[in-house]
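Participant: Residues per chain are reported as follows:
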Amino acid sequence: MAEILTVDKACVYFSIYRGFPKKLVGQIKAVDNINLSIEKEETYGIVGESGSGKTTLAKAIMGINPLDHGSIYYRHEELNELRKRDKKFIYRKIQYIYQDPSSSLDPRKSVKDILMEPIKVHNLYPKEERLRVIGEILGAVDLPPSDFMSRYLANLSGGQKQRIAIARALLLHPDFLILDEPTSALDVSVQAKILELLDSLKKRLNLTYLVITHDLSVISNVTNRISIFYLGHTMEKGKTYDIFREPLHPYTKLLLSSIPIIAESEKKFKPSGVPTIEGEIPSFVNLPKGCRFSTRCPYVFDKCQSLEPEMKEVKGGHYVACHLY
Amino acid sequence: MNGNPARERNQKKIKRIAASFGIGSNFIQNIKSETLRDRLYRFRKSKLSIIGLAMFLFFVVFAILSPFIVPYPKEVGAYVNFSQALRPVSLTHLFGTDEFGRDIFSRAFVGSRITIFVGLIIPIIGAVIGVPLGLIAGYVGGKVEAAIMRVTDVFLSIPPLIIAILVIGAMGHSMTSIIFGLSIDWWSWYVRMVHAETLSVKQQNYIEASRMLGTGRFRIIFSHILPNSVFPVIVKITLDMGYAILNVASLGFLGLGIYPPTPELGAMVAEGRLYLPAYWWVSFFPALIILLIILSINFIGDGMRDVLDVEVT
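Heads up: the sequence lines are chains A and B, in that order.
Start counting at 1 in the first sequence, then tack on 2, and there's your number in this note's numbering.
Start counting at 1 in the second sequence, then tack on 810, and there's your number in this note's numbering.
Excised from the complex, chain A in its bound form (with noise of 0.2 Å):
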């Protein structure tokens, strides 16, 4: 299958500043050393607790975050090296969905006022058909038009806000869309609403997904593949079944054992003799020698807190950085 977008060792580093005159006295590398590559109407999942660079590495990909080193092409067209046009341009294929949607879209504006925006910038309708055209984007993300077309958001559930900010972003014809924990902030019984609206949309409109989330459940019901990531890091990477059914790296047997189980049939994802996850994820400042991840592992030797180790593929597509295998 043919790639869509491919992350090739990106780097996004923040500098720390202090005094006067100002002194570089720090970088945190919030996303270092990236590869993924992502194919056409795939569903891609980035796993990882939070401040683990995800949310930092999607907005890279949107141009939000300048990247330090390494590239992003979307399509062999590398995202960073864009003219000003070329970009307004292509980020119309490119779309972003906040994990808030009451932070996401403006307090001040109508729904129509807030569908109107992406076509008034971009030029798309005639004059005389945009209020159709949003009209039909509405009845997509099932929401009565004649209902919604003048509402405010104070006067809108989470679902439906969630709704509006996802038929803002199919307005510019996207066929990528970055999911930012699309449901986290959602009522459990809207969730499942959201997720299958989601995912009738792909099907209908042939989209490819990046769905960032830790809602491991969230994970293993809609992605293909998927990354797990530490500190800026990625641990493992592979399709979502393999890596649910037999995980390599420590830390993702520890994430999978926290899945609180309910039923039945998660029950066999659920390593077993694995201890629970213990301590916080540290300080992107003061980075552990070698492994990230070797001041939480319960398996940690020597060589973790020397050697950094590399990305090894492991099996067909299964890819794991730890010295253990």
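Simulated from the structure, these hints should not be mistaken for laboratory data.
Since the structure is predicted, the reported quantities are computational estimates derived from the model, not experimental observations.
All residues carry an ideal CB built from backbone N, CA and C; glycine is no exception.
Be aware that one or more of the hints could be misleading.
[What the hints assert, rightly or not] Label pairs and their in silico Cβ distance ranges:
id	chain 1	residue 1	chain 2	residue 2	range
1	B	R960	A	D115	30 to 38 Å
2	B	S967	A	I18	31 to 39 Å
3	B	I934	A	D149	34 to 42 Å
4	A	R77	B	A1006	37 to 45 Å
Given chain A's structure and the hints, the job is docking chain B onto it.
Facilitator: Same frame as chain A, but now just chain B:
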């Protein structure tokens, strides 16, 4: 509207409980965002702001219609009738007469037209100049921000009255020079306030979301940041009107305002002070009207501050 007081109390309670449990901002934000009807309700609930609004409207309507309804419209300008000079308060002269025998009631209300007009126009000019500068400084940042803000600091450090005196000294006494002199300094406060407001709105996700949609700077500034930072400006304009009127009256009192015989409240107070305390009504009534206008505007401003839920220093 009947359910509103209960709803308000409920909202406050939920907010407090939510905050004590550290429940997500999403939840609290939902409660915070009120409809216009809730806001108007809060404005109406506050008796002082309704009284203020009523008083202010009364003064404005009276000022506009004054040439037609005051008892002695001819006596407003250049008019001398020494036989009636310095008459005390009576039914024929509600506020008494001044040293030239002119009816103070008529003069005061006709004179309030200039005072109110200047009081309204100066904060508006200030906002029209200051708000875009503040938006640009806050959003663009860098050298542009440094340049705008340092110039603003210079203007902030000089009291408007001093600059107004200089400008009137240079340009002569006229309404234009009073307005120009006061508004040349007035905008700096708006730059400060909008700049600070822009810095916080700029961090919001919906601004970033708009950037991702490809929205340009100009549209982001005027279509997203401006509507989201405009409330404090509205409140400040309201409160500033009183302050501007006071400044105009001060200029009048210093003899730098509108030239006699054109009536203006500050100048009338100044003329009357020669006859204090025996002929107290000559300064007292114009001063009282200044006081009432400023008071009513401040009441409205306080109400607006409650309604729009902003803090203005």
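Participant: Hints first: check each against the structure and report whether it holds.
Facilitator: Hint-by-hint comparison with the structure:
no.	hint	in the structure
1	B:R960 <-> A:D115: 30 to 38 Å	36 Å, holds
2	B:S967 <-> A:I18: 31 to 39 Å	34 Å, holds
3	B:I934 <-> A:D149: 34 to 42 Å	39 Å, holds
4	A:R77 <-> B:A1006: 37 to 45 Å	43 Å, holds
Of the numbered hints listed earlier, not one is contradicted by the structure.
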